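Trainee: Keeping their order, the protein sequence lines are chains A and B. My numbering puts the first residue of the first sequence at -10, with every later residue one more than the last. My numbering puts the first residue of the second sequence at -10, with every later residue one more than the last.
Everything labelled a hint here was simulated from the structure, so no lab data went into it. Don't take every hint at face value.
Below 20 Å or equal to it, Euclidean Cα-Cα: the simulated SDA-like pairs (lysine to any residue) are [as the list claims (entries may be wrong)]: (1) A:Lys248 to B:Ser56; (2) B:Lys248 to A:Tyr208; (3) A:Lys248 to B:Glu334; (4) B:Lys248 to A:Lys155; (5) B:Lys248 to A:Glu334; (6) B:Lys155 to B:Lys280; (7) A:Lys248 to B:Asp301; (8) A:Lys155 to A:Lys248; (9) A:Lys280 to B:Tyr208; (10) B:Lys280 to A:Arg191; (11) A:Lys248 to B:Trp329.
If you anchor each label on the Cβ, the simulated ranges turn out as follows [what the hints assert, rightly or not]: (12) A:Glu81 to B:Thr262: 50 to 58 Å; (13) B:Glu81 to A:Pro222: 40 to 48 Å; (14) B:Glu356 to A:Ala311: 32 to 40 Å; (15) B:Arg247 to A:Arg370: 39 to 47 Å; (16) A:Lys280 to B:Arg31: 55 to 63 Å; (17) A:Thr262 to B:Tyr276: 28 to 36 Å.
Note that the structure is a prediction, hence the values are computed from the model and not measured. Just so you know, even glycine gets a beta-carbon here, dropped at the ideal spot from N, CA and C.
Protein chains: 2
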Amino acid sequence: MLPVHNIPAAKPILQVTVSHPRRADSVGIVQRQLAHFDEPLRLRGGGSLDSFTLAYETYGTLNTDRSNAILICHALSGDAHVAGYHTDDPDEKPGWWDAAVGPGKLIDTDRFFVICSNVIGGCQGSTGPSSPAPDGKPYALRFPVITIADMVQAQRCLIDHLGIQKLLAVTGGSMGGMQALQWAVDMPDRVASVLFLASTARSSAQHIAFNETGRQAIYADPNWNNGDYYSGPAPHGGLAVARMMAHITYMSEISLERKFGRNLQTRDSLAYTFSEPEFAVESYLAYQGQKFVERFDANSYLYITKAIDYFDIGTDYGSLQAALARTQCSFLVVSFSSDWLYPAEQSQELVKALTKLGREVEYHHIEAPFGHDSFLVEVDRMAHTVKSFLDRL
Amino acid sequence: MLPVHNIPAAKPILQVTVSHPRRADSVGIVQRQLAHFDEPLRLRGGGSLDSFTLAYETYGTLNTDRSNAILICHALSGDAHVAGYHTDDPDEKPGWWDAAVGPGKLIDTDRFFVICSNVIGGCQGSTGPSSPAPDGKPYALRFPVITIADMVQAQRCLIDHLGIQKLLAVTGGSMGGMQALQWAVDMPDRVASVLFLASTARSSAQHIAFNETGRQAIYADPNWNNGDYYSGPAPHGGLAVARMMAHITYMSEISLERKFGRNLQTRDSLAYTFSEPEFAVESYLAYQGQKFVERFDANSYLYITKAIDYFDIGTDYGSLQAALARTQCSFLVVSFSSDWLYPAEQSQELVKALTKLGREVEYHHIEAPFGHDSFLVEVDRMAHTVKSFLDRL
């Protein structure tokens, strides 16, 4: 499983340009790659895509027997850019899980060949509602409804394309965990292990409720125009509200209290006004909303939140037990104490069901104050667990 | 403290019309009353109202020494109509806390004279942003910013008007609890006891975050027009989104799961569409949003959520201890295990501070699955505690 530095010539697609590493432990500068598939993708909801593109990145080197590949699946607002940098710009932020993916890190790019693709339905290079339909105009709401299972089938095309028969691990937090579990159930012979972080085997009523409220915020925006806004102003107001609300659900009461409490943003005392944000937490949320609309498509937000709502791993196989009975891999399940969006009980339910079926399951519950975001933040505290798990594979 | 049925002739305002009680234990048909005050109300935020009106209701009979009055303070979206019915319509729903207020109930109208007024800033008869300003046009955003302390000062005018020197109790859940605490701190000689239910002594960062997101949903509505919408369509879309989000925070993950789970609304299987709500919880939230915009003013929502955000009982007196040191009454504090909007820890902090100051405090923590709404739902489980507390006064 040690990395072999000879990249198969037939697969130039696997090459990763690494130069000028910003930090000693960074994967350095990486390039987003595009894979186009002309095979039709039939979707669980009844629709299909005649062809589609996936944007993806890879880090590290695929070994000769192609057995060291780890697929990372991103969460709702993530993308293929997991680690490293796209440019030399010293102000550029690294990929969304740079703390976890790199040489010597939790997912060690000196040992593993790491892949991440933007989900279909997304807006960061993969085919989604903002992509041109066959008629050349953006799909908008003509884009077919997608599910987590569809995202995973699209990823399977990429993994085939990369010439990998079996993934050493599929991992992800939040919606990424859903995809990892879906891989293990739908394609059991293609997955040696699943690392399931801060996720659930089925979306709860509360989760659906928050997602639907976010969608209603987008629908209520006058620029939404039933999804047909690509030639005019985008529904940024509604999307920002959806993001602000979602952002609260990613944190915990205690992390918001510690970070902001009742601190004021600019003044020494309350201004008693509607014309400016007064509390620091208000400014922070406004900033989060603003940053989000600059990089995310409102229709993608609609499609991906729907996919999350639809997710119930048991649905396609009759029951949770029947679905999990298909799996053949080992599991690492991690939950976080302050994660109230994906409460630990939901992870524990999955662990119990897998254990009952005799699957190899390792479960870790981490006391952490950062809410759902803990899976992104508490990398150091997961490091030993994840490394040991990967070592044993 | 036994009720005397002779109502002082000089105070016809105190008469309550009770007829055709719908149920044996109802206060029957009641009328909303209006009290107009020409005295100026100076507000903590620097503004003032030269005159104002409070809408209120009363139930039961004031005794001769005027010592049996209980003031109920309503929550964000509540109003003066606590109990009974306004009409003979058999389909009419009773007041918002009818389960708790009536003959023989938790707050026994055979023994107590119960008062509730709509807060200033509200939209159910009391002066608020939708009321005409001196120039005859609605105040809209010209309405001065208000605080919980201002709501309480307005109530004090009403209590003076009713000829009551000392309230036997001031009570309320959520924002109602804030007002009750503010009474005890600002006017310690006017309050014999406080019943503080599912509330907090200071709004948390998370609470401010949710409120600000709701306000942003209203601001983003094209009909909001900077608050000047009374001659045109109202910002119902934004207000509905704010209410949907808030409604989720009033329930618990478990109560949403038990009530809806992943049940579908109309079909046997998923429709995979954006054109209709698919999950029952989505329909429920849409209904809650729709019902709310029919009865609530968006500007009132802005002003009242701001008042909640500003609430920190220690602010005006330098510290929590200094504020609470002013109180002279006894306290009953009740929290609910699944209330994550006003977590029990916040009640416990208040209880600790009061105990340290030597105040009489009784604290009850109730295991209940209904989230923040438990204070409205779990009336039977509070009954013994509240009755015993009131008996001992």
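Trainee: Return the numbers of the hints above that this structure violates; sort them in rising order.
Mentor: 1, 2, 4, 6, 8, 10, 12, 15 and 16
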